[in-house]
Each structure stands twice: as structure tokens, then as C-alpha cells.
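**Student:** Spelled out from the first residue to the last, the chains are:
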Amino acid sequence: MSDAETLATASQTSSPITDTGPSRRRGGRRREEFLKVLFVVPAALAIVALFGYPVVKNVVMSFQDYTLKTFFTGKAPFVGLTNYVAVVTNDVFSKAVINTALFTIGSIIGQFVIGMLLALFFHKSFPLNGVLRALFLLPWLIPLIVGSAAWRAILEQDSGILNVTLENLGVIDNPVPWLTSPRIALLAVILVNIWLGIPFNLTLLYSGLQDIPEELYEAGALDGATGWKAFWHITWPNLRAVVSVVLMLGVIYTLKVLDIILGLTQGGPANATQTIALQSYQRSFVEFKFGQGAALSNILIVISLAFAVVYLRANRRQVDE
Amino acid sequence: MIKKRLVAIAALATMAPLTLAACGGGGTSGGGGGGGSSAKVDSLTVLDYYTDDPGKTQIQDMLEKCGTSIGVAKINRQPVPGPTLIQKVLQQASSKTLPDVLMLDNPDIQQIAETGALAALDDYGIKADGYAEGPVSAATFEGKLYGLQPAANTIAIFYRKDVLAKAGVKPPKTWAELRTAAKKLTVGKQYGFAFNATADYEGAWQFLPPMWTNGGDETDLKSPQVAEALQLWKDLVDDGSASKSVVNWKQSDVNDQFIAGKAAMMLNGPWQIPSLQKAKVNFGVVSFPINKPDQTSVAPLGGEAWTVPVTGDDAKMKKAAELVKCMNSDENQMLRAKQGGLVPTKLALATQFKKEVPAMAGFVDAVEHARARTGKLGSKWPDTAKIIYTGMQLVLTGQAKPADAMAKAGG
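Going down the list, the sequences are from chains A and B.
Going letter by letter, the first sequence gives residues 1 to 321 in UniProt numbering.
Going letter by letter, the second sequence gives residues 1 to 411 in UniProt numbering.
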């Protein structure tokens, strides 16, 4: 939608140039209206083709018996809710839902708190600030599959560098089974995802902090609001819009995380790191049950949508205030 | 002027997605059209997954030589990475642009044949006489042969000759010997044995040697024979003779551990031999050990077959079948086996091959008895494989006992 809006405003601002004289004004206005529509059309078409079609197709697919055969015969009989029933009654589904919730909540809290602390830290000026901040963006620059392969080596139980280091430091006596114990694997995957999400949180929160006028702090300091009080009464209220965007995008990104889990554990050991996104991927592209895969991804879309609605409502309330 | 230009730009912008869509639509109608059956065939398209050298060039040479011998001037070959092959085939199937000749991994043949995308080779007078049983059963669907596999691989036990000699351990022939040998070879940072037990088809494939050798069957996963096989994997990990990380080790990781000297023995396939030779590892190979004296070692069949998709062009399909036949000639079977570290699938050739390449003896025996994953279950195999690897992971992570793991995994 935002594309369409910007294009529309673009056509508006360009109109004074095209209006050359009062005599042509009336005809010009109609043409102008037409032009406005023309400018919107490409964006609208793109939205329909790139967003509308896949979503509709995905919904239709989830009600079909869409398998390998469909690709050859073109036939995908409608089966009603069978796909949804099949995925929801699967033994692993409840586990995947819980894991998705834990993974999302854990990742978001970790990413946000660390990202916030780092943003506040870098907001102060000190030498090498820029260099250090740039270094924190590194996780973002590494391809996900490379990052997860590196972490798989780091978290290796016997010879991984993390366990070796912890053992040498005397923190642990026995190697921690990061990715091989069903009780710890999910935590390890969350930790890696936090590492990955810090740059995103840091960057957005940092830019939000820079938008807060310095005068507010100066005025606050006169009234005795420094340190924690300054954060609570000046920084936090002014940062709320940014915070809600960061959190909403974070939740939606995290819900559909796939590559990290695929690279680290493939959902194992013993389904300990199965999530809805991973289940959807496996149904579609490993087992070729495309109908069931589509059903699972629709469930994910509905969950994401719910968060988007919550965000929009919260935002509206803020505007009203 | 400016206005005109703006209108033109807007119009162009509106058209762009349409033209793109038109191109997409046009491309799909390419190769599907059926030519006359008597037309001369001067080119064939081939799809396979040998994207890396030396395999890439070796297959190319063999295809071109076969093309020349059957009178087809040009072979248009397109190799894609292994994991994306099926997705590529699906795309081509829905756009009616399937290649004339298609290479498929053997467990995929029946699933694709079931969709009606493949032509039965029997219709072209091709039979699989004198072949080992495994590759034939993998390529047979509802009594018809859909693919011909020139060479096969499987998995067997690799061991470090020097390490075993130093410890006075002989390569194991029974499960009991495997356990004691692995225990004895576990010293310091070196584990006695390494295998792959990941939550995917690779993990299921590596569990088949103990399961099948012990008489377990994929149609009855709750049998005591299967439970005993699970117990063997569990014992090896519980003894400390194999790392707990096996649940997260792919076959390539297992090979890395072996090369690094962190495992004295491993379960792996002949495709690892080039890297072992490069690292100058002094290794030997034996078939997977047996549990009880009257058993024979059974391992899963690996390797890929050539098939003829139904493209609707009769003349080309006929030539494609000839190409498949040529790729499976005696001469090419031997050549492919030697090039690719594989074993010829014709039994007579395998015997000869064993004499010529003694280093592969351990695999030649294994391939002769190798069983196809899809031999009994056909296209139902993937569902069963999922239960197998889940059950295996439940046992190895201590969440289920071997006796009821498969039931808990949905078996």
C-alpha cells in the first residue's frame, strides 16, 4: 500500500509543473486525475501479482489435495478442511506451537533488551563509537546459512569452541550438549537467533534515540531527572513509536524463522526444535504434501496478522493521546 | 512535452508487468509439442544432478559418446544441485518442459513414476536382466521398469588400519565385536565409532544396515528386531564409544571426524573415498557386521538411475530410451563405477570389478545384497523414513525405550 501512496503524492507534487496556463486548467484537471490513476495502476498491479495472488493461491491450496501428482496432471481435488485437521491433529503440532511461542518470545525479549542496552550505550559519544557500532552489524552481513553453519561448529558438543572455552575457564565440568539434548537445543537455537537479531534492534532503536531532542534532557536535568529517571520519563515515552515498530517487525520475522533452525538442528533432536514454520517447510518441500504445508503457513499468517492488528490498534491509541 | 512524456512513462510502467507475464506464459509452451514420430531427432535434453567436477565432466563425456553412437548430434544437458532436482522436475512438469532424459535418485523413482511422468522402459524393449535385485526393485513400479541404474553405492564400515592394528583390534564382524572394538578404540579425544543419526532421510538411511541385517522390516517397525537395532545404536552412545553428537552429525560431519582422527571407525559411503585419499588416511572397508551367526549383512542401495519422462514426442522418447540403454552398457557401467567410486549393478560385471579394484571389495559385497528403500513401500517410503529417524532420535536422546520408540514416533 505504501508504494501506491507515495506514487500518488509524487504525481500530485508534479502537477504544478504540468499546469502551464489558466485556459488549460479545466481539461488539465481531468487529465491530472487520469494521470494520478495511471501512476497508481502499476503499483496496484504489482501488489495484486506479488502479494494478492500468492496469498489467495495459498489459501486455495490449503483446501486441496495438492501433491506431487498435481504437478503432472494439474488436478488438485478439493478436500475441505482435511489438510487443517491433518496438521492440527499431528502429534508434533502442539509441540511446534509451544516451541514457536517460546522461540518468538525468548528471541524478542533477548534481542530487544540487548539491542536497547547497546543503543543507549552507543548513544553516548566516546572514541571508536562508530567502528564498534559497525562491528555490531556483522551478524546481519553474514548469509544466514553460513552463520548457522558457523554456530553449529561453535556449539559442537565435544570439540566446539564454546564448550572448550567454558571448560578451560572452569565454568563447566562436563561439555554442554547444546544441540544434542532435547532440553537445551531450543535454548541454543534461541541464543543464536538473538545474536542474529541484535543488529536490527540496535540500528532502529539507535536512530530512534537520535531523534529525541537534546533539550528535553537538558530541561529534565534541571528538574532533577537524570540517569534512570531520564530514561523512564524522557527516553522511553519518546521512543515508544519506534519500540512498537521494532517489536512488531521482530515478532513477524521471528515467527517465520526457518533457515537458522534448518542449519542448526533440522528440528531435532527428537523434534525438540520443531516450529510451525519448519513443519510447513518440511510438509511442502521434503514430504511434498503441499496442501498441508499451505495449511500450516496459513495458520502462521493468521498469527502474524493478529500481531499486526494489535500493533495498529496500539498505534492508533498513541495517536489519539 | 513534459506531460506527454509522463503519459508515455506511465503507460510503459503499466505495460511492464503484463509483458513480463506474457514472457512467463510464452516460455512454458516450449518443449511440450509433440513432433511427428518419424521426424529425425538431432538433439536430446538431459537433466541430472552432477554439478561438480570430476563427475560433471565424466557424465558429459559419457552422454556425448552415447549420443554419437545412437545418431543424436547434440546433447543439451542441464545439471542442477541434488537437493533442488525434484523441485526442478516439478516446475518442468507443470510447465510441460520435462527433459528427454532424466536422472533420478533411486528412492525417488517410484514416487515420480506414480504421477505418470515417466515412460515404462519395457515399452522400448529394455529389460534389467542380470542386474542386482536392489536397483531393479527401486526402479519398478506396478510391475514395470521405469529406470536403469548403471552403478550403485551403499554404506559400510570404514576403519583406520593403523589405529586398529596398534590397538590389536580386528575389523568387527558381529555386533558384539563392534561394541567391544568401539569401546577399546575409544581413547582420549578419539571415539571408537561414528555414525549419522540426524532427523532427516540421511539419518534414516544410516539406520537401515543394523535394522535390515537384524531381520527388521520397514513394514513392521514395532518388531523386536527393529528394537534390537535401536538398542545397538543406543549402546554405542551409552558406552561412550560414539559421541552424543551423532544426532546432529551428517555423513559429511562423520567423515570429518574420521579424517581428524576423532573416530577410529565410521559408517559411510564410497563417495567419501576421494577426500580420505586426499587426507592420506590409511583405511579399510568391511560390510556392516551381523548380530546373529545365520544373518547376512544387508545395506541400503544408493545411487541414481536414468529415466525417460513422458514428453509426448514419440521419436525423441525412443531415442531417449536408446540413450538410457547406452549409459548402462557393460563398458559404461565399468567406467562409471571406476570413475565414481561405485559398483556396477550387473552382477557379472561386479565380480569382475572386484578383481580389478580390490579396494572396493567391501562395497561390492554390500551392493550385491543391498536393498532398495522403496522396494517394499514404494511411494510410502518417505512417511516411514520419518518415523524411523524420529524413533531413532527419541531413543538416542533418552526419551523413549527402544521397544516403544517407533510406536511413540507414530509407527
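Hints are computed from structural coordinates only; laboratory data are not their basis.
The structure displayed is predicted, hence computed values, not measured ones.
Any given hint could be a false lead.
Taking lysine-lysine and the DSBU-like style, the derived pairs with C-alpha atoms no more than 30 Å apart in a straight line are [to be verified]: (1) 189/B x 57/A; (2) 69/A x 244/B; (3) 338/B x 75/A; (4) 69/A x 401/B; (5) 234/B x 69/A; (6) 75/A x 144/B; (7) 127/B x 95/A; (8) 318/B x 75/A; (9) 144/B x 95/A; (10) 57/A x 325/B; (11) 234/B x 95/A; (12) 234/B x 75/A; (13) 256/A x 386/B; (14) 95/A x 408/B; (15) 95/A x 354/B; (16) 69/A x 96/B; (17) 386/B x 75/A; (18) 127/B x 256/A; (19) 96/B x 57/A.
**Student:** All hints are to be evaluated individually against the structure, with a verdict given for each.
**Tutor:** Right, here's what the structure says about each hint:
1. 189/B x 57/A: Given that 30 Å is the threshold and the Cα spacing comes to 54 Å, the pair is violated.
2. 69/A x 244/B: 40 Å, violated
3. 338/B x 75/A: 44 Å, violated
4. 69/A x 401/B: At roughly 38 Å apart (the allowed maximum being 30 Å), residue 401/B and residue 69/A break the hint.
5. 234/B x 69/A: 39 Å, violated
6. 75/A x 144/B: 24 Å, holds
7. 127/B x 95/A: Violated, at about 49 Å.
8. 318/B x 75/A: 28 Å, holds
9. 144/B x 95/A: 42 Å, violated
10. 57/A x 325/B: Roughly 42 Å separates the two Cα atoms, so the pair is violated.
11. 234/B x 95/A: 24 Å, holds
12. 234/B x 75/A: 45 Å, violated
13. 256/A x 386/B: 23 Å, holds
14. 95/A x 408/B: 14 Å, holds
15. 95/A x 354/B: 50 Å, violated
16. 69/A x 96/B: Since the Cα atoms of residue 69/A and residue 96/B sit roughly 13 Å apart, the hinted pair holds (cutoff 30 Å).
17. 386/B x 75/A: 27 Å, holds
18. 127/B x 256/A: 49 Å, violated
19. 96/B x 57/A: Holds: residue 96/B and residue 57/A sit about 20 Å apart, inside 30 Å.
Going down the numbered hints, you'll see the structure goes against 1, 2, 3, 4, 5, 7, 9, 10, 12, 15, 18, while the others check out.
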